[in-house]
Amino acid sequence: MTSRRMRAEQVEQTRTTILSTAERLFAERGVVSVSNRQISETAGLGNNTAVSYHFGGKQELVRAVVDRHASAMEAIRKDLLGRYQGSTELRDWVTCVVRPFTDHLTALGNPSWYARFAAQLMTDPQLRELAGAQLEQAPMLHTVIDSLHRCLPELPPPVRLRRDDMARTLIVHFCAQLERTAAPDWPAARTDLIDAVEGLYRAPHTPAPSE
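Position 51, counted from 1, in the sequence shown is what full-length UniProt numbering calls 51; the numbers after and before it change by one each time, with no gaps.
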C-alpha cells in the first residue's frame, strides 16, 4: 500500500511539474511553437515522451492547464455571488467578471504566467474554442453573465455578446501586459478594469446599417 501511494504521489508530482512548465513555455513562446519534447526537457524529465504519457496530445495538455485555474476562479465567483446575489447594479456584476481573474493572479504570486497563457489562447481560433468549451462547464460564470445582462435591457442581445467579448479581451490582454512587469499591482489593475469594463457596457449603442 505504501509503495502504491508513493507511486501515485510521484505521478501527481510529475503531472504538476509538466503543467507548470508547459504553462510558462506557452506563455513565453506561444502554444503552437512549443513541442511536448521541449516541455519534457525543460521540466528536467528524462523521458521525452512524458508529456504524451501523462496527457496525450497538446490539446489535452492545454485543456489541463485551463482546468487547473478554472476551479480556483469559480471558487472566487462563488464567494462574490454570495455577496451580490439579487443585485441590480451593473458595477456589482462587472466586479464579478473582473475579480476572479485579478484575484487569482494575485494569489498566484510573482512571477506568474497564467494571464499570458490565456492571451495566447485568445489569439488562436482553435485554442479559443477549446478554452470556451471548458468555460461552458463553469456554472458560476454563467450566472454572473446572465445577471450582468439583466442590467442592460436597452442593449440588443447580439450587442451584449459583443461587449462580453470586448470585456474579456480587455481583461485578459491588459493583465497579460501587466504580468510581464517586475511587480504587477493587481489591486490597482482590478479597480482600473472594473471602471473600464463598466464604461464599456454603459457606452451607447449605435445601430449598424444592417440592424
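Hints listed in this document are in silico derivations from the structure and should not be mistaken for laboratory results. Note that the Cβ used here is the ideal one computed from N, Cα and C, for glycine as well. Treat the hints with caution; some may be incorrect.
The following label-pair restraints were derived from C-beta to C-beta distances [what the hints assert, rightly or not]:
{"#": "1", "residue 1": "44", "residue 2": "109", "range": "38 to 46 Å"}
{"#": "2", "residue 1": "59", "residue 2": "209", "range": "52 to 60 Å"}
{"#": "3", "residue 1": "154", "residue 2": "8", "range": "52 to 60 Å"}
List time: in silico DMTMM-like cross-link candidates among lysine to aspartate or glutamate, alpha-carbon distance up to 25 Å [claimed, not checked]:
{"#": "4", "residue 1": "78", "residue 2": "67"}
{"#": "5", "residue 1": "78", "residue 2": "41"}
{"#": "6", "residue 1": "58", "residue 2": "28"}
{"#": "7", "residue 1": "78", "residue 2": "165"}
{"#": "8", "residue 1": "58", "residue 2": "146"}
{"#": "9", "residue 1": "58", "residue 2": "12"}
{"#": "10", "residue 1": "58", "residue 2": "41"}
{"#": "11", "residue 1": "78", "residue 2": "192"}
{"#": "12", "residue 1": "58", "residue 2": "79"}
Right, here's what the structure says about each hint:
1. 44 <-> 109: 38 to 46 Å: Check failed, 22 Å falls outside 38 to 46 Å.
2. 59 <-> 209: 52 to 60 Å: At roughly 40 Å between Cβ atoms, residue 209 and residue 59 fall outside 52 to 60 Å, so the hint is violated.
3. 154 <-> 8: 52 to 60 Å: 55 Å, holds
4. 78 <-> 67: Status holds; Cα separation ~17 Å.
5. 78 <-> 41: At roughly 38 Å apart (the allowed maximum being 25 Å), residue 41 and residue 78 break the hint.
6. 58 <-> 28: 16 Å, holds
7. 78 <-> 165: 22 Å, holds
8. 58 <-> 146: This hinted pair is violated, its Cα atoms lying about 32 Å apart.
9. 58 <-> 12: The hint holds at about 19 Å.
10. 58 <-> 41: Holds: residue 58 and residue 41 sit about 16 Å apart, inside 25 Å.
11. 78 <-> 192: Satisfied, since the Cα-Cα distance of roughly 22 Å is no more than 25 Å.
12. 58 <-> 79: 33 Å, violated
Against the hints set out earlier in the document, violations occur for numbers 1, 2, 5, 8, 12.
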